[in-house]
Amino acid sequence: MVEFSLWDILRNLLLALRWTVVLSLIAFVGGGVVGGLLLFLRLSGGRVAERLIGLYVQLFQGTPLLMQLFLAYFGIALFGIEVSAWTAASVALTLYTSAFLTEIWRGCVAAIPKGQWEASGSLALSFGEQMRHVILPQATRIAIAPTVGFLVQVIKGTALASVIGFVELTKAGSMISNATFKPFVVFSCVALLYFALCFPVSLYAKNLERKIHGARR
Amino acid sequence: MALVAEAPLAAAVTAGGAPIVRITALRKAYGSNEVLKGIDLEVQRGEVIAIIGKSGSGKSTLLRCINGLEVFQEGSLTVDGKPLLHESAMAMRELRQHVGMIFQSFNLFPHLSVGKNVMLAPTLVKKRSSLEAASQARKLLTRVGLEQKFDAMPDQLSGGQQQRVAIARALAMEPAVLLCDEITSALDPELVGEVLRVVESLADEGMTLLMVTHEMSFARKVSDRVIFMHQGRVHEMGPPAELFGNPQTPELKQFLSSLHD
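From first to last, the protein sequence lines are chains A and B. Our numbering numbers the first residue of the first sequence as 1 and each following residue consecutively. Our numbering numbers the first residue of the second sequence as 1 and each following residue consecutively.
Calculated directly from the structure, the hints in this document are not laboratory data. Remember, it's a predicted structure, so these values are computed and weren't measured experimentally. Beta carbons: idealized from backbone N, C-alpha and C, even for Gly. It cannot be assumed that every hint is accurate.
Computed cross-link-like contacts, DMTMM-like style, restricted to lysine to aspartate or glutamate with a CA-CA straight-line distance of at most 25 angstroms [said to hold, decoys possible]:
hint, chain 1, residue 1, chain 2, residue 2
1, B, K127, A, E129
2, A, K114, B, E34
3, A, K114, B, E70
4, B, K82, A, E118
5, A, K211, B, E87
6, A, K114, B, D188
7, B, K116, A, E118
8, B, K54, A, E118
9, A, K114, B, D155
10, B, K116, A, D8
11, B, K126, A, E129
12, B, K54, B, E42
13, B, K221, B, E194
14, A, K211, B, D151
15, B, K116, B, E132
16, A, K114, B, E94
17, B, K139, B, E70
18, B, K127, A, E118
19, B, K54, B, E200
20, B, K221, B, D204
21, A, K114, B, E87
22, B, K126, A, E118
23, A, K114, B, E182
24, B, K82, A, E129
25, B, K126, B, E147
Just a sample of chain A residues kept apart from chain B, beta carbon distances all over 10 angstroms, derived [said to hold, decoys possible]:
hint, residue
26, V21
27, G32
28, G54
29, L59
30, F79
31, V83
32, P137
Excised from the complex, chain A in its bound form (with noise of 0.2 angstroms):
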């Protein structure tokens, strides 16, 4: 019998990491334009554009995102369309990502004081900017620390894709754990790998958010 070392574990669980990574980025990336050009239509398009990505949001924020992979992966297969398991997750992530990002900046444009629109309004400043030189500039401030704190969200969320076949770490730990026989060493490595990447980034969180009330007073 073959005997793995912690080592073959652990280097075999890091090259998975960069799939997680990888994976993390598209939807954060795909989430973020996806989500951008919601929030431009929520905010300019009128009544009907905005129930319409309502709707959007309470559908994805409302069911689960494994039931939303499997949808990806089984369901474009229905219109006979090949979808491979970075397509789905990739596609599914994206659209859970956007769903929650246009919310958040939604809020972020909302806490936008009325009276920021009025005046630059009554300079003769047209919609477009108006959004581009005082509403997004101070919404952007505020929605930065939530962003970032969502992307931990998102880098967990990816764990899920394992159960369409994709080999992220998740999916490589439980393939090791059924090589190896050690599931105890082999997830809590998992568990380790997920909070190193996890860790830094809301730690970066909430550091913006101190630095943002700091400068707000």
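Fit chain B to the supplied structure of chain A, relying on the hints for placement.
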């Protein structure tokens, strides 16, 4: 200007100018609550008008209708002969270049320096170069007595200074009419004077001013015409000496006496 109160229309004719603001049968309601019940008002170029009245009388709403911050349901409103059209973003943008507004709560942009606050609209809307806009901003800040605050951030200023920056910011767009919505109400009493002095100098220079105010002595001193609003209507109107010295309606009498308590 002294003639205005007795015969505003005749004065307009003799002055040969069309009114800068013309409001006709303006009605505005929030749901079933009618706050403006048919307002008719003509403002001549260079005229200084003080609007007084109890809170809830519709005076702020009337002011906010003039630059489109409030949408009205009936009647018409023209500025410089151009009608206010809420549906057209272009027309609103055009109109707002002629109508400046100063708010009770200053509403400076907190993320921009004082100079940038003043420069923002001229560079974006009037497409001025930043060099041009900066020199204009310095001039305007000098005019309101804040030339040394160009690089300061708004939260480093007192309320009175912030409000004077807000005035400079509004003037940067070279408006034909300036609306002042209770601009000293959020100030500590010792800071009111510095802001009112700036407004008075604007009045002296011939700026058309419409101000909602609780500063009766200021209204009396500076305005050409005082409008007393009551329950969504122009209840009484006339030159300050007449309106304050010899109020005709019981509502105005009561309002004025309530101020002296």
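Comparing the hints with the structure gives:
Restraint check: the Cα-Cα separation between K127(B) and E129(A) comes to about 13 angstroms, which is no more than 25 angstroms; the hinted pair holds. Note on K114(A) and E34(B): the hinted pairing holds, with a Cα-Cα distance of about 23 angstroms set against a maximum of 25 angstroms. Between the alpha carbons of K114(A) and E70(B) the distance comes to roughly 13 angstroms, so the proposed pair stays at or under 25 angstroms and holds. For a cut-off of 25 angstroms, the pair hint linking K82(B) to E118(A) stands: about 21 angstroms separates their Cα positions.
The hinted pair formed by K211(A) and E87(B) fails the criterion: a straight-line CA distance of about 42 angstroms is larger than 25 angstroms. Straight-line distance between C-alpha atoms of K114(A) and D188(B) comes to about 23 angstroms, which keeps the hinted pair within the 25 angstroms bound. Distance hint between K116(B) and E118(A) is fulfilled; the C-alpha atoms sit about 18 angstroms from each other, no more than 25 angstroms. For the suggested pair K54(B) and E118(A), the alpha carbons sit about 23 angstroms apart, so the restraint of at most 25 angstroms is met.
In summary, the hint linking K114(A) to D155(B) is supported, as the alpha carbons are separated by about 18 angstroms, within the 25 angstroms threshold. Distance restraint check for K116(B) and D8(A): the Cα-Cα separation of roughly 59 angstroms exceeds the 25 angstroms cut-off, and the hinted pair is therefore not satisfied. Distance hint between K126(B) and E129(A) is fulfilled; the C-alpha atoms sit about 13 angstroms from each other, no more than 25 angstroms. Straight-line distance between C-alpha atoms of K54(B) and E42(B) comes to about 22 angstroms, which keeps the hinted pair within the 25 angstroms bound.
For the hint pairing K221(B) with E194(B), the CA-to-CA distance comes to about 16 angstroms; that is within 25 angstroms, so the pair holds. Restraint check for K211(A) and D151(B): the C-alpha separation of about 22 angstroms stays at or below 25 angstroms, so the hint holds. With a C-alpha separation of about 12 angstroms, the suggested pairing of K116(B) with E132(B) holds against the 25 angstroms cut-off. Among the hinted pairs, K114(A) with E94(B) is consistent with the structure: their alpha-carbon atoms are about 22 angstroms apart, no more than 25 angstroms.
Of the supplied pair hints, the one linking K139(B) and E70(B) is violated, its CA atoms being roughly 32 angstroms apart against a limit of 25 angstroms. Straight-line distance between C-alpha atoms of K127(B) and E118(A) comes to about 21 angstroms, which keeps the hinted pair within the 25 angstroms bound. For the proposed pair K54(B) and E200(B), the alpha carbon gap of about 23 angstroms is at most 25 angstroms, so the pair holds. Between K221(B) and D204(B), the direct Cα distance comes to roughly 11 angstroms. Compliance with the 25 angstroms bound is thereby established for this hinted pair.
A hinted pair counts as satisfied when its Cα atoms are at most 25 angstroms apart, and K114(A) with E87(B) qualifies at roughly 21 angstroms. Among the hinted pairs, K126(B) with E118(A) is consistent with the structure: their alpha-carbon atoms are about 19 angstroms apart, no more than 25 angstroms. Taking the CA atoms of K114(A) and E182(B), the gap is near 17 angstroms; set against the 25 angstroms cutoff, the hint holds. Between the alpha carbons of K82(B) and E129(A) the distance comes to roughly 24 angstroms, so the proposed pair stays at or under 25 angstroms and holds.
Straight-line distance between C-alpha atoms of K126(B) and E147(B) comes to about 23 angstroms, which keeps the hinted pair within the 25 angstroms bound. For V21(A), the shortest C-beta to C-beta distance to chain B comes to about 33 angstroms, beyond the 10 angstroms cut-off, and the non-interface label holds. No Cβ of chain B comes within 10 angstroms of the Cβ of G32(A); the nearest lies about 21 angstroms off, and the non-interface call holds. For G54(A), the condition that its CB be more than 10 angstroms from all CB atoms of chain B holds, with the nearest at approximately 23 angstroms.
Every Cβ of chain B is farther than 10 angstroms from the Cβ of L59(A); the closest lies at roughly 32 angstroms, confirming the non-interface assignment. Distance to chain B confirms F79(A) as a non-interface residue, since its nearest Cβ pair spans about 41 angstroms, more than 10 angstroms. The beta carbon of V83(A) sits about 43 angstroms from the closest Cβ of chain B, which is more than 10 angstroms, so the claim that it is off the interface holds. With a closest Cβ-Cβ approach of about 5 angstroms to chain B, P137(A) is found to fall inside the 10 angstroms limit, against its non-interface label.
Checked against the numbered hints listed earlier, the structure breaks hints 5, 10, 17, 32; every other hint is satisfied.
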